[in-house]
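Novice: Let's have the full structure, built from the sequences with the hints guiding it.
Number of protein chains: 2
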Amino acid sequence: MINKQLIFKKRPVGLPSADTWELQSNTIPDLAQGEVLIQQHYISLDPAMRGWMNEGKSYIEPVQIDEVMRAGSVGKVIKTNNHPKFKDGDYVTGWGGVQQYVITNGSNWYKVDPNLASLPQYIGTLGMPGMTAYFGILEVGKIKEGDIVLVSGAAGAVGSIVGQIAKIKGCKVIGIAGGSKKCNYIVDELGFDGAIDYKSENIVEALKRECPKGIDVYFDNVGGEILDAALARLRLHARIVICGAISQYNNKKAVNGPSNYLSLLVNRASMQGMVVLDYAKDYSKAAKEMGGWIAQGKLKSKEDIYDGIENFHETFLRLFSGDKMGKLVLKVIEE
Amino acid sequence: MINKQLIFKKRPVGLPSADTWELQSNTIPDLAQGEVLIQQHYISLDPAMRGWMNEGKSYIEPVQIDEVMRAGSVGKVIKTNNHPKFKDGDYVTGWGGVQQYVITNGSNWYKVDPNLASLPQYIGTLGMPGMTAYFGILEVGKIKEGDIVLVSGAAGAVGSIVGQIAKIKGCKVIGIAGGSKKCNYIVDELGFDGAIDYKSENIVEALKRECPKGIDVYFDNVGGEILDAALARLRLHARIVICGAISQYNNKKAVNGPSNYLSLLVNRASMQGMVVLDYAKDYSKAAKEMGGWIAQGKLKSKEDIYDGIENFHETFLRLFSGDKMGKLVLKVIEE
Chain A
997 MINKQLIFKK
1007 RPVGLPSADT
1017 WELQSNTIPD
1027 LAQGEVLIQQ
1037 HYISLDPAMR
1047 GWMNEGKSYI
1057 EPVQIDEVMR
1067 AGSVGKVIKT
1077 NNHPKFKDGD
1087 YVTGWGGVQQ
1097 YVITNGSNWY
1107 KVDPNLASLP
1117 QYIGTLGMPG
1127 MTAYFGILEV
1137 GKIKEGDIVL
1147 VSGAAGAVGS
1157 IVGQIAKIKG
1167 CKVIGIAGGS
1177 KKCNYIVDEL
1187 GFDGAIDYKS
1197 ENIVEALKRE
1207 CPKGIDVYFD
1217 NVGGEILDAA
1227 LARLRLHARI
1237 VICGAISQYN
1247 NKKAVNGPSN
1257 YLSLLVNRAS
1267 MQGMVVLDYA
1277 KDYSKAAKEM
1287 GGWIAQGKLK
1297 SKEDIYDGIE
1307 NFHETFLRLF
1317 SGDKMGKLVL
1327 KVIEE
Chain B
997 MINKQLIFKK
1007 RPVGLPSADT
1017 WELQSNTIPD
1027 LAQGEVLIQQ
1037 HYISLDPAMR
1047 GWMNEGKSYI
1057 EPVQIDEVMR
1067 AGSVGKVIKT
1077 NNHPKFKDGD
1087 YVTGWGGVQQ
1097 YVITNGSNWY
1107 KVDPNLASLP
1117 QYIGTLGMPG
1127 MTAYFGILEV
1137 GKIKEGDIVL
1147 VSGAAGAVGS
1157 IVGQIAKIKG
1167 CKVIGIAGGS
1177 KKCNYIVDEL
1187 GFDGAIDYKS
1197 ENIVEALKRE
1207 CPKGIDVYFD
1217 NVGGEILDAA
1227 LARLRLHARI
1237 VICGAISQYN
1247 NKKAVNGPSN
1257 YLSLLVNRAS
1267 MQGMVVLDYA
1277 KDYSKAAKEM
1287 GGWIAQGKLK
1297 SKEDIYDGIE
1307 NFHETFLRLF
1317 SGDKMGKLVL
1327 KVIEE
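As you go down the protein sequences, you meet chains A and B in turn.
Counting in our numbering, the first sequence runs from 997 upward without gaps.
Counting in our numbering, the second sequence runs from 997 upward without gaps.
Read the hints as simulated data drawn from the structure, not as lab findings.
A couple of the hints might just be wrong.
No distinction is drawn between identical chains; accordingly, a pair holds when it is met within one copy or between any pair of copies.
[Claimed, not checked] List of simulated lysine to aspartate or glutamate pairs, EDC-like, C-alpha gap at most 20 Å:
#	residue 1	residue 2
1	K1053	D1224
2	K1249	D1224
3	K1163	E1051
4	K1249	E1221
5	K1053	E1201
6	K1006	D1193
7	K1138	E1185
8	K1298	D1319
9	K1209	E1057
10	K1165	E1141
11	K1140	E1285
Specialist: Encoded structure:
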C-alpha cells in the first residue's frame, strides 16, 4: 500500500515556496508489535506550522529536514498489531503529519466520536485551535462579564472561538478580520458586537469607533500594526493575550516590535504569551464544555475544506493571504 | 519673603533645553485659613518628570505651561494658619514642586522623622523611587528565592533598591549600568552577583555570560535594545516589570518597540506595567520594612546631591546622560 507523504526539504526564508516540500509516494511498512495504522482523513493547517519550520529552539522542536511535515490530523484506525487501546474502525486524532497514513504506537492519540461532532471539528473547534481559544481567553485573558474584548484573526479557527466564548461569558466583543465577507460573518452569524475590516479601514480610526471606551482584553493572533493600535486603546489593568503574530511569521527582517508597549505602563496592563500544549491535562474538560455549547447552538464552527495532499502548498498559503473562511483543513483521504 | 520658582514654559521635543523652564523670584502670599508654609530643602529629580512634560493623558495629568514644575520634595513647616495636622518645625514630604517654598493645605503631605533617616532618603529609598522598587519587584515581579533577576538602571535610585531587595529575598541578581564605576559599586558595595556595563559591552554577549541559564525576572527601567536583549534570554514563565524606558523618553520619533516580544509567547512569559501611585495605601508598611533593612545594614542608599535651584536644568540632564551616582537630588535651601 502506498502512502503519499509531504516531506520537509528546505527551511524557507519568508513565505514558503513550492520547493520547501516534496511530495513522495512510499510503501507502508509492516506494523511492529503494539502499533496501529491510521488512515488519515483530514489534516489541520495552522499558522503555527510556519514557526515549526524555523531552525532553533522555540516552544517545540523544529521540524527536521527530510521529515514528514508536522501537522495535527484526524483519521481512522485500519489495522492494529496487538494494540492495548485502539481497535480497527476507531476514529482518532493526533499529530499525524501531512501524509495519508501514519503508523504509531498510539501515544498522544485520542479517540473521537464521529456522532458528536464532524471529523474536521475535532481538529478545529474541539482540537488545538479551539483549545487555544478556550484557555487563552479564559485562563490568560481572564475575561469577566462586561469586559470589552478585541480579537484579531476574528474569522479564523482560533479568533472565531475566542469571540464566541467571550460572548457566552457576557463580554462586548469586537473582531478584526480581512474583507467584508468575514466581517459580516462574525457579526451576523457569530453574534460579535462589531467588526473592523483591516483590509479597507484605518485600524486606529476604526478602533476609536468600535471601542470608544477602550479595550479590557485584546487577544492577538496577528502582531504588527494591529497590536500597536490595540495597545494605544487599552483600559486600566487591560490584558493582552499573545497567541500568535501571523503578520510577522514570513518576515525576512526582524519582527516589528510594538512601539506602543509603554501603554502597558500607563495603564498598568499586561501582555502575556501562551502555548496551548501547557493545558493538555485539561483538554478533555474544555472539549466537554465546548461540545455542550455546540449542542446548545451557542458555539458555531466553520471549516474551510480543500481536497488532496497534492494541493497542500497552495492551500497552506491561504493562511497568510487570508483567502479562507474559518478553520483551514486539507482532506487527504475521503471518509 | 521671596520664593524662587522654576516655571514650566515650553513643552520640549526631545531633550529639554534651557528655555523649557524659567526661574522666577516671586513674593510669597499670606496663608489662608488651614494652610501651611513649607521651606523646601531637597527636590527629587526623577526620569518620570520627563513624561509629565508631554501633552496628552498619561497615568497622571501633564504639567501645565506656566505652572511650577512638578517634583517630589522634602522640607520643614515654618508657618501655619490653624492647620489641624502640621505645626511649625515638622519635617514633611510631598509634591512640593521645583521651588524653595510651597503653600499647601497639607493634603498628600506626610510627616517624616529626620532622626530615623536623612531628609534626602525620604525622597529616595523611603520615597517614590524606593516604593517603586519595592512594589515593582515584589508585587509585579513576584520574585521568589532562587530566581535569576536582571535589573537595568541598576546603580540608579530605583534599580539599586530593586537589586538589593532581590538579594534580601534570596535571588541571584545581575545589574546593568553605565561605566565601570557604577558596575563596581553595585557588585562591591551593594552585593549584586554580577554587572554589565552597557556603555562598553555588547549587551547580548554580556547577558549570555552573566545569565547563562536565562532570566526569571527582568526589571526594566530603560527600554530600547536592553529590553530586547533581555527578552531574548527569558526562562519559562518569566516576568518583565515595565517600570520605565529612559532610553526612549527623549525620542523625537516613535518609541522602538521590542522586536523580541514573541519570546513572551515561546516562554509563556508576561510583561506588565506598573505605576507606584497605585500602591499608596501600603507605602507606610513598605517604608517600615525598608527602614528596618536600612537599620540592619541590608539596604544601602546613595544620594547624589547638587546644590541650588539655579542649577536645576543642568542637574536634571544628568538623569539622561547617566552622569550621577545613585538618587539624584537638588538642594534648594540649606537644612
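Novice: Taking the hints in turn, state whether each one holds.
Specialist: These are the hints, each one checked on the structure:
1. K1053 / D1224: between (27 Å within a copy, 18 Å between copies)
2. K1249 / D1224: This pair counts as both: shortest intra-copy Cα distance 18 Å, inter-copy 15 Å.
3. K1163 / E1051: Classified as neither: same-chain Cα gap 39 Å, cross-chain 37 Å, threshold 20 Å.
4. K1249 / E1221: both (16 Å within a copy, 16 Å between copies)
5. K1053 / E1201: The answer is between: 18 Å across copies meets 20 Å, while 38 Å in one copy does not.
6. K1006 / D1193: So K1006 and D1193 fail the 20 Å test inside a copy (35 Å) and across (40 Å) alike.
7. K1138 / E1185: neither (25 Å within a copy, 43 Å between copies)
8. K1298 / D1319: Only inside one copy: K1298 and D1319 sit 14 Å apart there, 61 Å across copies, limit 20 Å.
9. K1209 / E1057: between (42 Å within a copy, 19 Å between copies)
10. K1165 / E1141: within (6 Å within a copy, 38 Å between copies)
11. K1140 / E1285: Classified as within: same-chain Cα gap 17 Å, cross-chain 35 Å, threshold 20 Å.
Going through the hint list in order, the structure does not satisfy hints 3, 6, 7.
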